[in-house]
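Undergrad: Chain by chain, the residues run as shown.
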Amino acid sequence: DVKVTQSSRYLVKRTGEKVFLECVQDMDHENMFWYRQDPGLGLRLIYFSYDVKMKEKGDIPEGYSVSREKKERFSLILESASTNQTSMYLCASSLGFTISYEQYFGPGTRLTVT
Amino acid sequence: GQQVMQIPQYQHVQEGEDFTTYCNSSTTLSNIQWYKQRPGGHPVFLIQLVKSGEVKKQKRLTFQFGEAKKNSSLHITATQTTDVGTYFCAVASGGSYIPTFGRGTSLIVHP
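Going down the list, the protein sequences come from chains V and G. Yeah, the first sequence ends on 137 if you go by our numbering, and it's all consecutive. Yeah, the second sequence ends on 134 if you go by our numbering, and it's all consecutive.
Among the hints, erroneous ones may be present.
Stated by the list, open to error - Calculated pairs, EDC-like style, for lysine to aspartate or glutamate (alpha carbon to alpha carbon, straight line, at most 20 Å): (1) K26/V with E125/V; (2) K59/G with D61/V; (3) K79/G with E38/G; (4) K79/G with D61/V; (5) K59/G with E85/V; (6) K78/V with E95/V; (7) K80/G with E125/V; (8) K26/V with D49/V; (9) K26/V with E53/V; (10) K80/G with D41/G; (11) K79/G with E90/G; (12) K78/V with E92/V; (13) K59/G with D24/V; (14) K74/G with E125/V; (15) K94/V with D24/V; (16) K76/V with E92/V; (17) K26/V with D61/V; (18) K41/V with E85/V.
Hints in this document: simulated from the structure, not taken from any laboratory. What you are looking at is a predicted structure, and each value in this text was computed from that prediction instead of being measured.
Take the sequences, apply the hints, and build the full model.
TA: Spelled out as structure tokens, the structure:
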């Protein structure tokens, strides 16, 4: 079974703090994704990575950056957290980055920025 | 990203009633995926449809891909409380190869 884990289930940070969200997958997948999920808005893609050190912007990359130094690990960074970044963050991995491949999601991190 | 409309946003049903959610696009889709997210859980892949007019079944769930590959539906027969959750479609079309998720349909089943 593919396992995708995220470093925290719940996180509370203050405005202006630098926040790191970590995601690890154990299936040797090339591709990893970061989404945010907000009520009524579904899942919106922030960034994805198709290889180590490779990244592509998704639909809402503003205010975020990512890091992929190892194949199994994909980090989402909020350089200076703001209250409008309060959300559920979901990481996913897949064999390929196109719609032809099933995505496996982690349990999510619910981030609150106060 | 690719625009996809998913309707309805919410659906309340009595246990035993049927349920359908629709995913509609203005452009031709290459394929479509469906995911289910239980309350408090994460999205889990259900199925992928690729061919025009394709119909696939998983027990009480029936998935259809339109003939023009611009829409899809997920139909649940005789809902059970275990069907509660949010159902998402994910699509890509034309030159966009990255999946875009619909906003989801939340199914509430009343016992």
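Undergrad: Taking only the CA atoms, is the gap from K80/G to E125/V under or equal to 20 Å?
TA: Between K80/G and E125/V the Cα gap is close to 18 Å, so the pair holds against 20 Å.
Undergrad: Against the 20 Å threshold, does the CA-CA distance of K26/V and D49/V hold or violate the hint?
TA: holds, 6 Å
Undergrad: Given the hinted pair K76/V and E92/V, is their Cα-Cα distance within 20 Å?
TA: Between K76/V and E92/V the Cα gap is close to 6 Å, so the pair holds against 20 Å.
Undergrad: Against the 20 Å threshold, does the CA-CA distance of K41/V and E85/V hold or violate the hint?
TA: holds, 15 Å
Undergrad: Taking 20 Å as the top limit, are the C-alpha atoms of K79/G and E90/G close enough?
TA: With Cα atoms ~14 Å apart, K79/G and E90/G stay inside 20 Å; holds.
Undergrad: Decide if the proposed pair is consistent with the structure: K94/V and D24/V, CA atoms, cutoff 20 Å inclusive.
TA: Holds, because 18 Å separates the two Cα atoms, which is no more than 20 Å.
Undergrad: Are the Cα atoms of K79/G and D61/V separated by 20 Å or less?
TA: Measuring from Cα to Cα gives roughly 30 Å; hence the hint is violated.
Undergrad: Decide if the proposed pair is consistent with the structure: K59/G and D24/V, CA atoms, cutoff 20 Å inclusive.
TA: holds, 18 Å
Undergrad: Would you mind confirming whether the straight-line C-alpha gap from K79/G to E38/G stays at or under 20 Å?
TA: Distance ~23 Å between K79/G and E38/G Cα, so the pair is violated.
Undergrad: For the pair supplied as a hint, K26/V and D61/V, confirm whether the alpha-carbon distance does not exceed 20 Å.
TA: violated, 24 Å
Undergrad: Please work out if K78/V and E92/V have their alpha carbons no farther apart than 20 Å.
TA: Status holds; Cα separation ~11 Å.
Undergrad: Verify the proposed pairing of K26/V with E53/V, using a straight-line Cα cut of 20 Å.
TA: holds, 14 Å
Hint check: violations occur at hints 3, 4, 5 and 17; the rest are consistent with the structure.
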